[in-house]
Amino acid sequence: DQQVKQNSPSLSVQEGRISILNCDYTNSMFDYFLWYKKYPAEGPTFLISISSIKDKNEDGRFTVFLNKSAKHLSLHIVPSQPGDSAVYFCAASASWGGADGLTFGKGTHLIIQP
Amino acid sequence: NAGVTQTPKFQVLKTGQSMTLQCAQDMNHNSMYWYRQDPGMGLRLIYYSASEGTTDKGEVPNGYNVSRLNKREFSLRLESAAPSQTSVYFCATSPTRSGYNEQFFGPGTRLTVL
Chain A
450 DQQVKQNSPS LSVQEGRISI LNCDYTNSMF DYFLWYKKYP AEGPTFLISI SSIKDKNEDG
510 RFTVFLNKSA KHLSLHIVPS QPGDSAVYFC AASASWGGAD GLTFGKGTHL IIQP
Chain B
63 NAGVTQTPKF QVLKTGQSMT LQCAQDMNHN SMYWYRQDPG MGLRLIYYSA SEGTTDKGEV
123 PNGYNVSRLN KREFSLRLES AAPSQTSVYF CATSPTRSGY NEQFFGPGTR LTVL
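These protein sequence lines map, in sequence, to chains A and B.
Take any residue in the first sequence, note its place counting from 1, add 449, and you have its number in this note's numbering.
Take any residue in the second sequence, note its place counting from 1, add 62, and you have its number in this note's numbering.
Among the clues, some could well be false.
Claimed, not checked - Coverage of chain A stretches by chain B, computed from C-beta distances (three or more under 8 Å per stretch; other residues unrestricted):
| no. | region |
| --- | --- |
| 1 | 486 to 494 |
| 2 | 517 to 531 |
| 3 | 550 to 560 |
To be verified - Capping the alpha-carbon separation at 25 Å, the derived lysine-lysine pairs in PhoX-like fashion look like this:
| no. | chain 1 | residue 1 | chain 2 | residue 2 |
| --- | --- | --- | --- | --- |
| 4 | B | K133 | B | K76 |
| 5 | A | K555 | A | K517 |
| 6 | A | K555 | B | K133 |
| 7 | A | K454 | A | K505 |
| 8 | A | K520 | A | K505 |
| 9 | A | K520 | A | K503 |
| 10 | A | K520 | A | K555 |
| 11 | B | K71 | A | K454 |
| 12 | B | K76 | A | K555 |
What the hints assert, rightly or not - Sample of chain A residues facing chain B (criterion: CB under 10 Å; computed from the structure):
| no. | residue |
| --- | --- |
| 13 | Q455 |
| 14 | L460 |
| 15 | V462 |
| 16 | G465 |
| 17 | T475 |
| 18 | T512 |
| 19 | F538 |
| 20 | S542 |
Hints are computed from structural coordinates only; laboratory data are not their basis.
Note that the structure is predicted; figures quoted are calculated from it, not measured.
Glycine included, every Cβ here is placed at the ideal spot set by N, Cα and C.
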């Protein structure tokens, strides 16, 4: 049973437009959420995170929104740039009383079209 | 300052052979993790070590053993490799076992078992 779901395997966006990547989760114990970016043949690199006490976190062109009642989060990239083309993983953890480690979604391949 | 290093980068084994994947970090982090990533899947936790001298099973531990040799090094051993263990293996670290921490990933080891 997948606890973190990214239902779009791929997403194509024009350069300069907004990219919106979505993620849903089922485990109510999750209270910290992260987005990772991964290029081929490299390890994932941390992008941005949000804790469950917030509903929004911004870092430059990247904003993560959390809707706890819907168990849904999204990553917005504005404006999208060619270097943003990568696989994006949503991940979650339960800070207290949960198992260690992160639970990952399957990833969304973002393609930025020139 | 290398961060998280993994050796080897690539390995091909025959069914039944054994090998050890090495991970080392210079970030002075307490917690270390081993994940595997299969095609079209997110990363799944194999084992983790919250601190030197402790190890615990993750989501998919069967067929693997680990050793936390010291604070810097965390190795993953396949005693009798099987084709189902063909995957990309990532080591990660975080400052503490608290869920409110990002994890830092190594570049990965691509393992093929024939």
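Against the structure, the hints:
no. : hint             : verdict
1   : 486 to 494       : holds (count 5)
2   : 517 to 531       : violated (count 0)
3   : 550 to 560       : holds (count 7)
4   : B:K133 to B:K76  : violated, 32 Å
5   : A:K555 to A:K517 : holds, 21 Å
6   : A:K555 to B:K133 : violated, 31 Å
7   : A:K454 to A:K505 : holds, 20 Å
8   : A:K520 to A:K505 : holds, 14 Å
9   : A:K520 to A:K503 : holds, 13 Å
10  : A:K520 to A:K555 : holds, 17 Å
11  : B:K71 to A:K454  : violated, 29 Å
12  : B:K76 to A:K555  : violated, 28 Å
13  : Q455             : holds, 8 Å
14  : L460             : violated, 15 Å
15  : V462             : violated, 21 Å
16  : G465             : violated, 29 Å
17  : T475             : violated, 14 Å
18  : T512             : violated, 17 Å
19  : F538             : holds, 6 Å
20  : S542             : holds, 4 Å
Violation of the numbered hints given earlier is confined to hints 2, 4, 6, 11, 12, 14, 15, 16, 17 and 18; the remaining hints are satisfied by the structure.
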